[in-house]
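Asker: If you want the building blocks of each chain, they are given just below.
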Amino acid sequence: MEMETIQQLETIQQHCIKLIATAKKVPPETLSPASTFDEVGLDSLDKVTLAFDVEEAYDIAIPESALATIDNIGAMAAAIQQAVAAKPVTPDSQTSTA
Amino acid sequence: MRRVAITGMGCVTAIGIGTERFFRALREGRDGFLPLSEEERVGLNFSSTARVDDFQPDKLLSPDQMLLSERSSQFALVAAHEAIEQSGMPATLDGSRIAVVFGCSAGGRMAEEPALEKLYTQGARVHPLTVPRAMANAGTSLVSMEYGITGPAYTVSTACASATHAIGQAFHMVRSGMVDAAVTGGHDAPLTFGFLRAWNSLRVVSPTFCRPFAKDRDGMTLGEGSGVLVLEEMEIAERRGAQVLGEIVGFGMSSDARHITQPAPSGPAAAMRRALLDCGELRAPVRYINAHGTGTLVNDGTEAEAIHMVFAEETGRIPVSSTKSTHGHAMGASGALEAVATVLALQHGELPHTAHASEIDPELGLDVITGEPRRIERNSEPVLALSNSFAFGGLNAVLAFRSV
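Those sequence lines, one after another, are chains G and A.
Whatever position you read off the first sequence (first residue = 1), add 30 for my numbering.
The second sequence: position 268 = 257 (my numbering), numbered continuously.
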């Protein structure tokens, strides 16, 4: 299933790497989940833009408190995975709990 | 007193990108009014705007600049590039001794309006670059970043007089010695769905086309664009062998303090008088007025009255034209386009005519240039030209240019 694929951490990591590589104009192979935002040269505006891009792509919300502590690609991917997992699975399940 | 030379100019306009194409269109009286599409004109009393049709920013700006900018500030970057190239300035001057002062009335609506439309109608997220792209000072900031200009830098917003106020402030800064040079002018790109409808409601936009001072004038044509001038202290400019295109010698400002939209002649007259007084010993005979000339019944009548108040019996001998009849009313950028037009007129000794105005309103009592450009009557003596800008809110600004 497509949703199951998206939820795989590795895929999310690769997606983050691709977004950052495009934004900073660096080859994706120079980045890894361990790369910190400082190493990559991601400033505060780049970071909020990245957050916007992933929120749009996964239809999630990354809370300010979580974003403030994220300082590398792996942590960003983990936060995305967590937010995706916390999403209601179907509109039906939302209705049934309402 | 220090003198202030103009050593570079650039523009992005509905009648051409670059001062050469701009001047050619002015000479030909060729307008840049383009029809709106069927969809765009729904609910409007007008059907055309003065749009910059052939602007391709991605060919002129870096990917980083494209990311951080929107149409209005992109206009500013492109016009500044042309002006600075012509002046040769950045290689020769210390960035901390240079100012950037731009006028911008509407801000970056092309970034803001679509984002808010999606927010209001679809609950969409708003992109984090919306604010930096839409802020009115984006043009000033991007130009200062591009050229390493670290002196005073700010944006003036006084509606339709924004650029004239900006150029006047920059002129005073160079003249006073606060800085040695300035990059100044204005930019606006406000022709969004909402903006057109807001102006439509004011019922001052022409259902046909802008023809200032004409007997049958029926309003303005909304436009967009950017004009930029490089100002330098005269001795510094001459020492480095810069070509001096013209000189700014006076600047006057006033407020009507009466009505939020309806102009009063006393305010514009005071601004013209103050601009002439500000010329001091550089005062010369006024041989041209580039009018605010929006083409509305009220503006043109009031402006004519103000010119009579200042020049009395001399009025009929001073040629007047409004170049808004070709480049449209570019809002906060208007004063900059008209400053460029005025300097070009003095440089070439040829005054642009008011296009489309075939029969001039005799009530106005002005010598309005129509039909074709007119040669400036002059000997070898320098002459002055005024450029008027009068904003909604009653805020008036007038620049006095002197021929070289």
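One thing to keep in mind: the hints can contain errors.
[What the hints assert, rightly or not] Subject to a maximum C-alpha distance of 25 Å in a straight line, what follows is the list of computed BS3-like cross-link-like pairs (lysine-lysine):
#1 Lys107(A) - Lys77(G)
#2 Lys117(G) - Lys107(A)
#3 Lys117(G) - Lys77(G)
#4 Lys77(G) - Lys55(G)
#5 Lys204(A) - Lys54(G)
#6 Lys48(G) - Lys77(G)
#7 Lys77(G) - Lys54(G)
#8 Lys55(G) - Lys48(A)
#9 Lys117(G) - Lys48(G)
Calculated directly from the structure, the hints in this document are not laboratory data.
Predicted, not measured: the structure shown is a model, and the values here were computed from it.
Asker: Taking only the CA atoms, is the gap from lysine 48(G) to lysine 77(G) under or equal to 25 Å?
Answerer: 14 Å, holds
Asker: Starting from lysine 55(G), check that the Cα of lysine 48(A) is at most 25 Å away, please.
Answerer: 19 Å, holds
Asker: Holds or violated: lysine 117(G) and lysine 48(G), Cα atoms, limit 25 Å.
Answerer: 24 Å, holds
Asker: Compare the distance between the alpha carbons of lysine 107(A) and lysine 77(G) with 25 Å, and conclude whether the hinted pair is satisfied.
Answerer: 23 Å, holds
Asker: Just to be careful, I want the Cα atoms of lysine 77(G) and lysine 55(G) compared with a cutoff of 25 Å; is the pair within it?
Answerer: 15 Å, holds
Asker: Below or equal to 25 Å on CA atoms is what counts here, so check lysine 204(A) against lysine 54(G).
Answerer: 59 Å, violated
Asker: Lysine 117(G) and lysine 77(G) were given as a pair; does the straight-line alpha-carbon distance stay at or below 25 Å?
Answerer: Distance of about 23 Å is within 25 Å: holds.
Asker: What's the verdict on lysine 117(G) and lysine 107(A), does the C-alpha distance respect the 25 Å limit or exceed it?
Answerer: 23 Å, holds
Asker: Lysine 77(G) and lysine 54(G) were given as a pair; does the straight-line alpha-carbon distance stay at or below 25 Å?
Answerer: Holds, because 11 Å separates the two Cα atoms, which is no more than 25 Å.
Violated hint: 5 only; the structure is consistent with all others.
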